[in-house]
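Student: As a plain string of letters, each chain reads:
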Amino acid sequence: MHLRDLSFKYKIPLRGSVLIIATAFAVSVALIAREYDVFKRDLIDTAESMGRVLATTLVTPMLHDDLWRMYEIINSPFQSKLRPNSPLSADLLVVVDPLLRVYVSNQPKRFPMLAEAAEVVPDFKELIDAQREMRGDDPKVLDLKTSDHLYMVTPILADGVLLGTLVMGYPRDIFLPRLFALIQRAGVVTLFVLLLMIAASWYWAQRFAEPLVRLADCMGRVGAEIPDDIECRLELGDSKDEIGRLAAAFQRMVLDLREKAALEKQVVVSERLAALGRLSAGIAHEINNPLGGMLNAISTFKRHGQDDPMVARTLSLLERGLTQIKETVAALLVEAKLESHALTRQDIEDVRTLLQPDVTQKRARFEWQNDVATETPLPSTPVRQILINLLLNAIHALDVGGRLLCRVVQQENALRITVENNGRHIPPERLDHLFEPFAHGVQEGYGLGLWVTYQIVEQLGGRTEAHSSPGETRFTVTLPLPVAA
Amino acid sequence: MNRTRRRLIVALAAAVVPGIAGSAQTRGLEMPPVRIGLTPVFLNDQMGFLVAWREHLEANLRRPVEFVQRQAYKGITDLLLGGRLDFAWICGYPYVRNRAQLQLVAVPVFNGKPLYQSYLIVPAEDRNTMSIDALRGKIFAFSDPDSNSGHLYTQYLLRKMGETPATFFSRTFFTWAHRKVVEAVAAGVAHGGAVDGYVWETLTGLQPDLTNATRVAARSPYFGHTPFVARLGIAADDLAAMQAVLIQMENSLQGQSLLRRLNLDRFIPGEPKLFDGIGRMIRVVNGG
Numbered sequence: 000m001h002l003r004d005l006s007f008k009y010k011i012p013l014r015g016s017v018l019i020i021a022t023a024f025a026v027s028v029a030l031i032a033r034e035y036d037v038f039k040r041d042l043i044d045t046a047e048s049m050g051r052v053l054a055t056t057l058v059t060p061m062l063h064d065d066l067w068r069m070y071e072i073i074n075s076p077f078q079s080k081l082r083p084n085s086p087l088s089a090d091l092l093v094v095v096d097p098l099l100r101v102y103v104s105n106q107p108k109r110f111p112m113l114a115e116a117a118e119v120v121p122d123f124k125e126l127i128d129a130q131r132e133m134r135g136d137d138p139k140v141l142d143l144k145t146s147d148h149l150y151m152v153t154p155i156l157a158d159g160v161l162l163g164t165l166v167m168g169y170p171r172d173i174f175l176p177r178l179f180a181l182i183q184r185a186g187v188v189t190l191f192v193l194l195l196m197i198a199a200s201w202y203w204a205q206r207f208a209e210p211l212v213r214l215a216d217c218m219g220r221v222g223a224e225i226p227d228d229i230e231c232r233l234e235l236g237d238s239k240d241e242i243g244r245l246a247a248a249f250q251r252m253v254l255d256l257r258e259k260a261a262l263e264k265q266v267v268v269s270e271r272l273a274a275l276g277r278l279s280a281g282i283a284h285e286i287n288n289p290l291g292g293m294l295n296a297i298s299t300f301k302r303h304g305q306d307d308p309m310v311a312r313t314l315s316l317l318e319r320g321l322t323q324i325k326e327t328v329a330a331l332l333v334e335a336k337l338e339s340h341a342l343t344r345q346d347i348e349d350v351r352t353l354l355q356p357d358v359t360q361k362r363a364r365f366e367w368q369n370d371v372a373t374e375t376p377l378p379s380t381p382v383r384q385i386l387i388n389l390l391l392n393a394i395h396a397l398d399v400g401g402r403l404l405c406r407v408v409q410q411e412n413a414l415r416i417t418v419e420n421n422g423r424h425i426p427p428e429r430l431d432h433l434f435e436p437f438a439h440g441v442q443e444g445y446g447l448g449l450w451v452t453y454q455i456v457e458q459l460g461g462r463t464e465a466h467s468s469p470g471e472t473r474f475t476v477t478l479p480l481p482v483a484a
Numbered sequence: 000m001n002r003t004r005r006r007l008i009v010a011l012a013a014a015v016v017p018g019i020a021g022s023a024q025t026r027g028l029e030m031p032p033v034r035i036g037l038t039p040v041f042l043n044d045q046m047g048f049l050v051a052w053r054e055h056l057e058a059n060l061r062r063p064v065e066f067v068q069r070q071a072y073k074g075i076t077d078l079l080l081g082g083r084l085d086f087a088w089i090c091g092y093p094y095v096r097n098r099a100q101l102q103l104v105a106v107p108v109f110n111g112k113p114l115y116q117s118y119l120i121v122p123a124e125d126r127n128t129m130s131i132d133a134l135r136g137k138i139f140a141f142s143d144p145d146s147n148s149g150h151l152y153t154q155y156l157l158r159k160m161g162e163t164p165a166t167f168f169s170r171t172f173f174t175w176a177h178r179k180v181v182e183a184v185a186a187g188v189a190h191g192g193a194v195d196g197y198v199w200e201t202l203t204g205l206q207p208d209l210t211n212a213t214r215v216a217a218r219s220p221y222f223g224h225t226p227f228v229a230r231l232g233i234a235a236d237d238l239a240a241m242q243a244v245l246i247q248m249e250n251s252l253q254g255q256s257l258l259r260r261l262n263l264d265r266f267i268p269g270e271p272k273l274f275d276g277i278g279r280m281i282r283v284v285n286g287g
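In the order they appear, the protein sequences are chains A and E. Using numbering that gives the first Met the number 0, read the first sequence as starting at 0 and increasing by one per residue. Using numbering that gives the first Met the number 0, read the second sequence as starting at 0 and increasing by one per residue.
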């Protein structure tokens, strides 16, 4: 897995942490480097003043050739038992006479008296050169790159005459304990601040990345489905920043997709129903023609009389079968009787009266609203048939003691019929094929009620909508009123 | 509160100070102080001991006592001969040289005898040196030019070999105290040193780290121990009083404690002939 494939949830805080650590490191290094310079400056200042003091103090014992006194003087910085490793004290002090022999040193065993300084004192050849270049009585610092010591070289002068040279050596790692202590302290503080800052950066990064991650999740699901869950709908944030705008655009897109999908589904259903309608009408016509002939023939034969009881029974059987075929075909071939009289308020009320016994039997609450005031320019018979079919289905679905609602409302240019019940709902998989004939494997009747209703509504130029969810099943039929001629 | 306390302190001081002054007057008898010169023939840099010893002497002499120290023996000897000191604890060498102008008061007894030795010490790492012969061409530490054990004896040895320190050693120096000869040899500043055996032995108890860094390579014959002397013109009573106080030290608890700190048994009157050996060495060194 590539680093760049990481989620923003990790990528942002990781980058933040790297930045914070790099900053902390850079600042610490800068501070420590500065502190190192300060240490060095301190050391050189101390060494310089110490060199001057020692060189002045050593003049008298050197003139008196009082070697022991000189030893005591140069050894005095090492007498302190309290700070044996005082960071600013030299570890090497040698007085060299003008013949470049060791006159006295603080480490007599290492630098024995009268020894050639060049042979025993480290880096002494460079120090001689420094001594030769020296002017006046100023101490001179020697920072040799090749040496592990810093040297301070001070001439011991009496009235301008060189009695000897004081060499003080400071180990370079003299700073290390102080530097380590500093690094340790800086490290602890930095670590503490780092923990706080990294925690804060992770928190902010999470807050920043979270809506983005959720948006990406939702977007990834588009295609396979239209994300409809609450996360993708509401919780993408409502800020006005880029993520907020992205979320808003995404929500608009999802909304459009959902509308389009619903529309497509509706078109598919109605096209299928239309095809079914054409097919069943064609078949009905093809069956009806020979069927009429056969029934006519049987009728004629019966009228002419025939005593043979066997023939009579057979014909009767044929006639009953053919009649049943005719009824079935007639039921499939819905033809609205458009020439009935205009719908009145009473026509609707009659339906109520008609169905009241069934409702009573279920002990259901029946809410009724009939807004049809006067004559409505719609054929009364198909409208009543629609209403009866819908109500019968609803009553059938009702549990005992349920609720039934029927509302017939006349709008400006349409009549709207709403039938609602709170009985067994229609499962979603059946809802798609609700209006198809023989579709539901219903035991009672032919299962043609809704098919017929749908066909009638279609023929009247209207629209049928069904909605069903647990506790509420609603059918809505909208019939356009013909424009007054 | 503060003022009350201050008044109390003032009152206390007023009560105490005249008391001290009064006792000093009665005890001091308006006499001038006894002036005693001290040299590093013993560990004269132990200030706590010096204060206790002076108090002991003042109490027993019934006179104020003043200790005088100088960097070199010669300073004390000069003061003594010039009459600026009454007494001094000096080395046998200056005593013998100035015997005519000095009176012997007492001699310390160390390890049962009024005698001591000069030690030739070398750094502890040096396991081979058994005598001065091995130190030819080396750096050597003396204590004081006027010291018997720390200078004269070595000069005497070299003289018998037909040498002088300047010809025998590559470099010599004086440390002006026996303790510092031990320090110089221990630190390696010198390859050898001449030191008062009594001081070295006393140091083994006080600073074993220091003496352990050195090794006694050779010991001299016994010499008369460092004499406590008086100038010639001193009153006989004063001399007798001082002598009595020193000799009686071993008879008081305080005196015993002081002697213990000096690492000495007692003081005895002593005899000038104890120092005849030193006189012989002086003649050898100065003679032909």
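Do not take every clue at face value.
A few chain A positions that, by computed beta-carbon distances, are all more than 10 Å from chain E [claimed, not checked]:
1. 42
2. 70
3. 74
4. 191
5. 301
Covered stretches of chain E (in silico footprint by chain A; criterion: 3 or more residues with CB under 8 Å from a CB of chain A, positions within the stretch not fixed) [to be verified]:
6. 87–95
7. 178–188
Don't read these hints as lab results, they were simulated from the structure. Given the structure is predicted, the values throughout are model-derived calculations rather than measurements. Built from N, CA and C at the ideal position, the CB exists for glycine as well.
Student: Now tell me if each hint is right for this structure.
Tutor: Tested hints:
The beta carbon of residue 42 of chain A is kept farther than 10 Å from every beta carbon of chain E, the shortest such distance being approximately 26 Å. Its beta-carbon lying about 5 Å from the closest one in chain E, residue 70 of chain A breaks the requirement of being farther than 10 Å from that chain. Not every CB of chain E is more than 10 Å from the CB of residue 74 of chain A (nearest about 8 Å), against its label as outside the interface. Separation of residue 191 of chain A from chain E is adequate, the least Cβ-Cβ distance of about 46 Å exceeding the 10 Å criterion.
Residue-level check passed: residue 301 of chain A sits 147 Å from the nearest beta carbon of chain E, beyond 10 Å. For the region 87–95 of chain E, the assignment as covered by chain A is violated, since 0 residues bring a beta-carbon within under 8 Å of that chain's beta-carbons and 3 are needed. Check result for the region 178–188 of chain E against chain A: holds, 5 residues qualifying (beta carbon to beta carbon below 8 Å, three or more required).
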